[in-house]
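K.L.:
Residue numbers (numbering that gives the first Met the number 0), protein chains in the order written: chain A, 0 to 451; chain U, 0 to 405.
Worth flagging that the hints you see were computed from the coordinates, not collected in a lab. Just to be clear, a hint being listed does not mean it is correct.
If you want a taste of the chain U side facing chain A, the calculated C-beta under 8 angstroms gives, among others [what the hints assert, rightly or not]: (1) GLY15; (2) GLN22; (3) THR26; (4) SER154; (5) VAL259; (6) LEU283; (7) LEU291; (8) THR295; (9) GLY301; (10) LEU355; (11) ILE357; (12) PHE361.
Label pairs and their in silico Cβ distance ranges [unchecked claim]: (13) ALA213/U with ALA245/A: 51 to 61 angstroms; (14) GLU369/U with ALA245/A: 48 to 58 angstroms; (15) ASN173/A with SER255/U: 29 to 39 angstroms; (16) ALA245/A with SER71/U: 17 to 27 angstroms; (17) ALA241/U with THR246/A: 46 to 56 angstroms; (18) VAL344/U with LEU355/A: 43 to 53 angstroms; (19) ALA173/U with ALA118/A: 54 to 64 angstroms; (20) TRP293/A with GLN257/U: 44 to 54 angstroms; (21) LEU288/A with ALA213/U: 33 to 43 angstroms; (22) THR246/A with ALA173/U: 31 to 41 angstroms; (23) GLU184/A with GLN242/U: 30 to 40 angstroms; (24) SER255/U with GLU184/A: 12 to 22 angstroms; (25) LEU384/U with ASP137/A: 57 to 67 angstroms.
No farther apart than 27 angstroms at their CA atoms in a straight line, the calculated lysine-lysine pairs in the BS3-like style are these [stated by the list, open to error]: (26) LYS117/A with LYS245/U; (27) LYS117/A with LYS249/U; (28) LYS135/U with LYS242/A; (29) LYS249/U with LYS117/U; (30) LYS135/U with LYS199/U; (31) LYS117/U with LYS135/U.
On a predicted model such as this, the values are computed, not experimentally measured, just so you know. All residues carry an ideal CB built from backbone N, CA and C; glycine is no exception.
Listed below, chain by chain, are the residues.
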Amino acid sequence: MFVYYLVLALRSLRQNVGLTALMVIAVAVGIGASMTTLSIFRAMSGDPIPQKSRRLFVPQLDNFGPAAAGRIVSPLPADHLPPYMTYTDAMALMRAHPAERQAAMYFTTAAVAVPNSKALPLSGAVRATYRDFFTMFDVPFEYGAPWSAADDAARAPLVVLTRALNDRLFDGTNSVGRTVTLEDEDYRIVGVIQDWNPVPRFYDLGAAGGSAFAFISADQLFVPFTTAVEHLLVGGGGMQCPKIPATGKEGVLHSECDWVQMWVELPDARAARAYRRFLLNYAAEQRQLGRFNWTPRIALRNVRQWLAYHNVVSNDISMLALMSLAFLLVCLLNAAGLMLAKFMARSPQACVRRALGADNRAIFMQCLVETGMIGAVGAVAGIGLSILGLLIARGMFIRQIGMGPTPTGLTRLDGGDVVIAVLLSVGATLLAGLYPAWRATQVQPALRLKVQ
Amino acid sequence: MHIRPIVSALRRNKGGAVLIALQMAVTLAILCNAIFIVQQRVARTERPSGVDETDDFVIENQWIGTQANLVSLIQADLVALRAIPTVRDAYATNVWPFAFADPTIGITLHPDQPRSRKMAAVYLGDEHAMDTLGFKLSAGRNFNASDISDFRDASRVPPTRGILVTQALAEQLAPGGEVLGRVATLAPPAISAPIVGIIKMLQAPAVNRHVGNANAGNSIVLPYRFISQASYIVRAEPGRLAQALKVAPKALARVSRQRVIYQEFSLAEERHAAYSADSTLALLLTLVCLVLLAVTALGIVGLTSYWVSQRRRQIGIRRALGATRLAIMRHFQTENLLITAVGTVIGVALAVAGNLWIVERFAMGRLPYEYLLIGVAALLVLGQLAVLWPALRAASVPPAVATRNI
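So here's chain A without its partners, still in its complex pose (with noise of 0.2 angstroms):
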């Protein structure tokens, strides 16, 4: 019965060409842009390690204290807890390792030459971290493999590429254990990581509490914190500082400037109130030490805790979506009105149907298969729209803050974006077919085949 009326809803939008493309075109435009926007919107508010981020959490301390908010001068989130941390806090954090895995990082650049090489020097953008950066957000690697503890504490001049320097400075070939100059020094190559770019970056989403690096790649060269913190500059990724600091490098490692991340790994919630006391204790112990004269505020967030309280998703975003949804439920009430004056036009073979003995149901049944049907289609063509929608977007969002490159993973449809518009589009026709089809099912057959 279904195949019957699968030929029967093909010969009738087969009658009515510039109608059934009217519906088309109406549910395929509706789902393109609302789909366009979802999209985005899913991949700003997904999950950027979802097999980690309920174990993986960033360390707070409240070192500006109370009167933060008229001292500070770029603005801080509501809680005042500055997102970043001072060299001081970090060091003595990854000292006590009280967790499992533990990194502290910041972002810095340095001029970038192979050796012996006639291209000009480039502007790298590097990551200066630790060991356990690697192995706690499971950064795969195509070459080599991360640096040790052991060269952590040795302060090594190491380097850890990405694959696109990589492919820029050596053309992709393995270049583990080659060197590349780094300001004036020298660095050997230990690895070079496939293409790994977290959606939103949620390690480093930007100083001031705000989320201007959360949809960028930036990060092009992994440096030992250790190293970098000797050899290149420090608090060039956002540095909020209670007072300015005494001159030079010395200066802000002992200033109470904020400007290192710090992100460990603790496996489940005992670990997590273990290492909230841990930070507690250390606060308290500061202030003995007389280092503030409050008692510091501390806060532990894990990473999705960490993005809502970055807002890391734009409103410009959240009122597109809201925006294209609206827009969809238009074309869904005009496909609903066009099938409507369609079935209200076919209802003599309706009824002409209904007097050879077919039930309501079955005609209620006919006019949702071919509602479905243009779903279905629209279905299709709209995903075509919002890829094309997604292009458009891409080329967009480059160079909107001057940063770096958008990661593409913002500006993919990605499987789930592809279930939900085939049943976003073929349910809400479905919906939108209901009251026409059941207006089908009212007309009087006797009456109308008097009429004819």
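Following the hints, position chain U against chain A.
P.N.:
Using the frame of chain A, we list chain U on its own:
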């Protein structure tokens, strides 16, 4: 025109009419809010900066390693840049209009009153800054060469003989009063110096962070040559930006190759990049509105065409009984007007409700009533235009139809 027969005809076609009215209502709600948002964003991107954006460009320079003689290197760079024939002027600085960076400082004329402190953007610049950026003074004087000192980092600030502030900041510092010649106290870093000139307008950088905030026009120019990872702002001779932009990095490379030119770009490009989120949103919403109007119009055409074909016989009878073509057209036009009227009433309610929600959720402005009027007018016109073709078809139904099929 008789409304009653139209109403009773509509009553027999409730479903379609209700669907069109609802469609119009949601369209109106989206349209009003979208136009309002677009208008706000466009206004945001059109805020003036007070500088010459067409001829200015920025060279982001980064020294490799530690340079012992940074002062003479930067001096040599500036001499080289200013010597380029297509370049009018240049200076070394920390930040430029539309930059992402947001260096700010507190300033007050009454250091004993903490509440009198205002926040302002800090531009470092020498006596060439005014000519290079092209801002204008409304009072006082520009720096002269003897005012300028070298600024290495914020922990060792050399003494300052005078600063420039913008008109907007001056009005906040001394509402209705005179600020020229008065001593301002700045922190951090701690600086105390008289205000020697008032700048007509110089927008603070980080334009997106200053949207709708009182600091957007607050800028201070401090008489310092930035001796660090300095960037250069260069003003090309009128219309020669492209040539100057090409030659400048080469001129710098001749001074020293111990550097990375991180990027070079015109201020116009920087403005475009700074506002790209706003202009993208405005463009997308405009597109959504246009497609929305098209979809709604096509829906009206489709449904009305169906009604016309459904009522061919009745139209024929009316024509046979003496109704003119115009009367038939009027029937469908009035019918559409009624449906649109109902739709817009619901739509206005929806638009206001939607806006209230947007205000609460996204902290945006309240929808002014003009936008509702514009939206209603747009939909009334749209409805009438869309119904024109089906109405013309209805008017062309010959009276002879009445005699058939009976």
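K.L.:
Could you run down the list of hints and mark each one as holding or not?
P.N.:
Now the hints, each set against the structure:
Hint status for GLY15/U relative to chain A: holds, with the closest Cβ pair at about 5 angstroms, below 8 angstroms. About 4 angstroms separates the beta-carbon of GLN22/U from the nearest beta-carbon of chain A, less than 8 angstroms, and the hint is met. Against a cut-off of 8 angstroms between C-beta atoms, the interface hint on THR26/U holds, since the closest Cβ of chain A lies about 5 angstroms away. Hint on SER154/U holds. Least Cβ distance to chain A is approximately 4 angstroms, under the 8 angstroms limit.
Given the 8 angstroms rule on beta carbons, the hint for VAL259/U holds: about 4 angstroms separates it from the nearest Cβ of chain A. Checking LEU283/U against chain A by beta carbon gives a least distance of about 6 angstroms; that is within 8 angstroms, so the hint holds. A distance limit of 8 angstroms between C-beta atoms decides the matter here; for LEU291/U the minimum to chain A is near 6 angstroms, and the interface restraint holds. For the restraint placing THR295/U at the interface with chain A, the shortest Cβ-Cβ distance is roughly 7 angstroms, inside the 8 angstroms limit, so the hint holds.
Using the Cβ-Cβ criterion of 8 angstroms, the hint placing GLY301/U at the interface with chain A is satisfied: the shortest such distance is roughly 5 angstroms. About 14 angstroms separates the beta-carbon of LEU355/U from the nearest beta-carbon of chain A, more than 8 angstroms, and the hint is not met. With 8 angstroms as the threshold, the beta carbon of ILE357/U comes within range of chain A, its nearest partner Cβ sitting at about 7 angstroms, so the hint holds. Nearest Cβ of chain A to the Cβ of PHE361/U: about 5 angstroms, under the 8 angstroms cut. The hint holds.
Range check, ALA213/U to ALA245/A: about 33 angstroms between beta-carbon atoms, so the 51 to 61 angstroms window is missed. Here the CB-CB span from GLU369/U to ALA245/A is close to 57 angstroms, well matched to the stated 48 to 58 angstroms. Remark: the range hint 29 to 39 angstroms for ASN173/A to SER255/U is upheld by a beta-carbon distance near 35 angstroms. For the pair ALA245/A and SER71/U, the beta carbons lie near 26 angstroms from each other, so the given range of 17 to 27 angstroms is met.
The hint said 46 to 56 angstroms for the Cβ distance between ALA241/U and THR246/A, and at roughly 41 angstroms that hint is violated. Checked against the given bound of 43 to 53 angstroms, the beta carbons of VAL344/U and LEU355/A, roughly 45 angstroms apart, stay inside it. Separation of ALA173/U from ALA118/A is about 55 angstroms and conforms to the stated range, judged on CB atoms against 54 to 64 angstroms. Taking 44 to 54 angstroms as the suggested C-beta distance range, the pair TRP293/A and GLN257/U conforms, at roughly 46 angstroms.
Checking the proposed 33 to 43 angstroms range against LEU288/A and ALA213/U shows it holds: the Cβ atoms sit about 40 angstroms from each other. Take THR246/A and ALA173/U: their Cβ atoms lie about 34 angstroms apart, and the range 31 to 41 angstroms holds. For GLU184/A and GLN242/U, the hinted distance range of 30 to 40 angstroms is satisfied, since their beta carbons lie about 38 angstroms from each other. Checked against the given bound of 12 to 22 angstroms, the beta carbons of SER255/U and GLU184/A, roughly 19 angstroms apart, stay inside it.
Distance hint check: the CB atoms of LEU384/U and ASP137/A are about 58 angstroms apart, consistent with the given range 57 to 67 angstroms. Between LYS117/A and LYS245/U the CA atoms are separated by roughly 21 angstroms; this keeps the pair inside 27 angstroms, and the hint holds. In summary, the hint linking LYS117/A to LYS249/U is supported, as the alpha carbons are separated by about 16 angstroms, within the 27 angstroms threshold. The suggested pairing of LYS135/U with LYS242/A is violated, with an alpha-carbon distance near 33 angstroms, which exceeds 27 angstroms.
Between the alpha carbons of LYS249/U and LYS117/U the distance comes to roughly 42 angstroms, so the proposed pair goes past 27 angstroms and is violated. In summary, the hint linking LYS135/U to LYS199/U is supported, as the alpha carbons are separated by about 6 angstroms, within the 27 angstroms threshold. Of the pairs offered as hints, the one joining LYS117/U and LYS135/U holds, with about 22 angstroms between alpha carbons and a cut-off of 27 angstroms not exceeded.
Checked against the numbered hints above, the structure violates hints 10, 13, 17, 28, 29; every other hint is satisfied.
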